[in-house]
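Chemist: Read off the chains here:
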Amino acid sequence: MAPQSFNTSLVVDTPPGNFRRRLRTEQREWLLFALLVGPNLALFAVFTYWPLIYNTYLSFVRWDLLSPLKIWVGLDNYRYLLNAPEFGQIMWNTFAFTVGSVAIICTLGLGMALLLNQPLRGRAGVRAVVFSPVMLSGAAIGIVWIYILDPRYGLLDIFIRGVGLRSPNWLLDTQWTMAAVIMVHVWKTIGYAVVIYLAGLQAIPRELYEAALVDGANAWSRFFHVTVPGLSPVIFFLGITTVLGSFQAFDILKVMTNGGPVYATTTLIFYLYEQGFVGFNAGRAGVAAVLLFSMMLAFTLVQMRYSERSVHYN
Amino acid sequence: MAKAELSGPLQTKAMGQTQVTSQWVGARHGWPSRLAAYAGMALCLLIIGLPVYWMAIGAFKVQAEIYRIPPTWFPAEITYANFARAWNAAPFGRYYLNTILVTVLGSGFEIFFAATSAFAFVFLRFPRKDWLFIILLTALMIPNQITILPNYLTAAQLGWINTYQGIIIPGAAAAYGTFLLRQYYKTLPTEIIDAAKVDGAGYLRTLWSIVLPLAKPALISFGLLSIVSKWNEFLWPLLVTNTREMRVLPIGIYWLRVEEGTIDWGVIMAGTLFVVLPVAIIFLYAQRYIVDGIAAGAVKG
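Sequence lines, in order, name chains S and H.
Just so we're aligned, residue 1 is where the first sequence starts under the working numbering, counting upward by one.
Just so we're aligned, residue 1 is where the second sequence starts under the working numbering, counting upward by one.
So that you can see chain H by itself, here it is in the shape it has in the complex:
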């Protein structure tokens, strides 16, 4: 990982402040307190990292070793069979296809709505648009956990049970993203946009070729957050699908565990790796943007 500091471009902009990297100014630390600090850091690493490590090595252990007491810290005999067995125990290929489709389309919609709505709220005139914005923001207060039953009935009425549109459309609108991008658009230099206007560029052209490129960090941040949350979504896909073929990965792994019981943890850990690995890779590469997107919501809360 590169030196990924928390204050990326997005946040620095939002706060209008220069970054401060080290906090305890001037305090010279003696070695005991430094030692304590490193010990604390090791503890953090252990508490949060060890369960992830446990999942990963579990996938490489043979069944007999899973049940060995005391458990082993490293697989004595490394096996790759768990992955093949997990892949065959459930249609993971289909799960991947479903999840990728739902994620790409779902966050595609969300990013599109966020980018265009935020543009309208910042740069276009409309009567009482600040009220409309507040109405939009109230959606943040109503999580989809609360709306599941009516939405299920709506989906059923539309014939959307066990369909991609059924999984995607109810969550396609963007409130947090609109809020986040609106904040960012407002920090853009208005002269550039006015200049585009004088040059005769239409609004959509201005949005596409000036605003969006300038807002790239914010777009990437929100886009990644959206992708990750769609990938991990559990409750709604659980309700709106009931066939094996329509399951997404989190639902697939849930059922794999229900069906396999506690029979073979190696297989189940291999399955959970299938679910988390793509997100983990995205996170490794784009950590800074994701963290920025999360912190940006808090700074101006």
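The following block holds chain S by itself, in its conformation from the complex:
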């Protein structure tokens, strides 16, 4: 973010003698600025920044959300969580869900974008279809997929049967639930990646491809020497945003598996919800929130540092 904003100020330069009047117009600007930005920032202060601090505080207390007393327990909640048998599984689930969905979204999404970037008839329509699940309610999509995944009369079973296999019990068999929710999350999110990739592809200067052609580069080397370097900031951006998105994925999990069976699809965000609103354990929910935020912060900082160093478009 360039701090060039001062130059674009509305104020027409006043003659130097008129210092007093200038000060007054400047103060009027300050006032208006405060009036316009103030409420926005105040809302964030109350509903975004303060909760972050309060979460941290909660992570150090024992509290059931009802009793008037919050007991300071220091690091007990953290210690509990680190030793809890389910915690390892929750972190593993978060990792598996994130890595699984991000890897598929970023690679398959690139493939789809490259394809839909070709001058093919009807591609505008296909782009629209591919993007549409991004816009639809996650709760509704989760429900539709419960129906699709049904091992007896579901849509997916038609295809699985078609290749001579039998559907697993996607949502009840702990071996398959994670794969099922990853599949649905990918299905819903991949259109986002395609849109971002397409924007990135269109920003790659055409001349580079022409030059590569003149040099006799074949399709593969054009892809690896022009497309991939040209897309690298976009790939990076997508990697980070889809990681953050998968940390936040909730509605699909709530609707399809409710975190189960047992802990099979309980990710960190789901654990936070469950501890806070089902188990009424503010301390553990606080720890989950602190952990989740730290993870997201780490990813965001990496992104900021990287994108400052290599700004490709100017």
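A short, non-exhaustive set of chain S residues, derived as facing chain H with CB atoms under 10 Å:
#1 W50
#2 N55
#3 L65
#4 L115
#5 G122
#6 A124
#7 V130
#8 G142
#9 G154
#10 I190
#11 A199
#12 F247
#13 F277
#14 G286
Calculated pairs, EDC-like style, for lysine to aspartate or glutamate (alpha carbon to alpha carbon, straight line, at most 20 Å):
#15 H:K129 <-> S:E29
#16 S:K254 <-> H:E260
#17 H:K197 <-> S:E29
#18 S:K254 <-> S:E86
Worth flagging that the hints you see were computed from the coordinates, not collected in a lab.
Just so it is clear, CB atoms sit at the ideal spot from N, CA and C, and this is done for glycine as well.
The hints should help you fit chain H onto chain S, whose structure is shown.
Modeler: Below, chain H alone, put in the same frame as chain S:
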């Protein structure tokens, strides 16, 4: 759908580049690779489109046909009864009312805050305003999933459980929108704005009659994104409401499925259609703006 290309006005502006429509310059494709490309496109269409199709036809199937093995690709006997039954199984009229209210007011606030804050950040002087902007942007790093518990406590303290303000206000502020519109405002020709100033137009007048009309594409893009995300919001309304009367559509469909179980998928699919249809219609008409709004955030990331 009209020829909706990805590079709309917003993005072209942001990148300062002319559009390139076809990428593989000069490469003449033979028919095998063209065939493969169309096959790939058909596959994309199938993978993403088929589940949507399945939802739609499920709503028109009679119960016996839902459970037929193997499943049918097209309802043998088309029924409209599922829609009426879904509508009666849950107070969908009330859900619509709640959702429309929450969406209109919620994104109204968000658009208002984004448009005015961005204006202040670009055109008004304020000490250390670039720091304030960075503070505002940090809100992007803190998703509401993380803040649910403290916000629930705040809402409870304010007596906002089961109220519209409880659903709306905690999400009313705008960070991404401010960022997006600020970017756009900065590309506006400053001469026009200076001229307005010379003509004696006040700041708010300049904002209303010059900046906002010029920023229309960006406003529409952000507005639509905001509307869609409010319409689909799930976690916060789930927590802050606990009566049937205060549910919004996504919560309503969740409970319909919980209550109906897997008894009658036709009814449930009709219910999900109630939820997604308005957004699908908006998307069909305004796809370009929505896609632009999403891509614009990435280009300058």
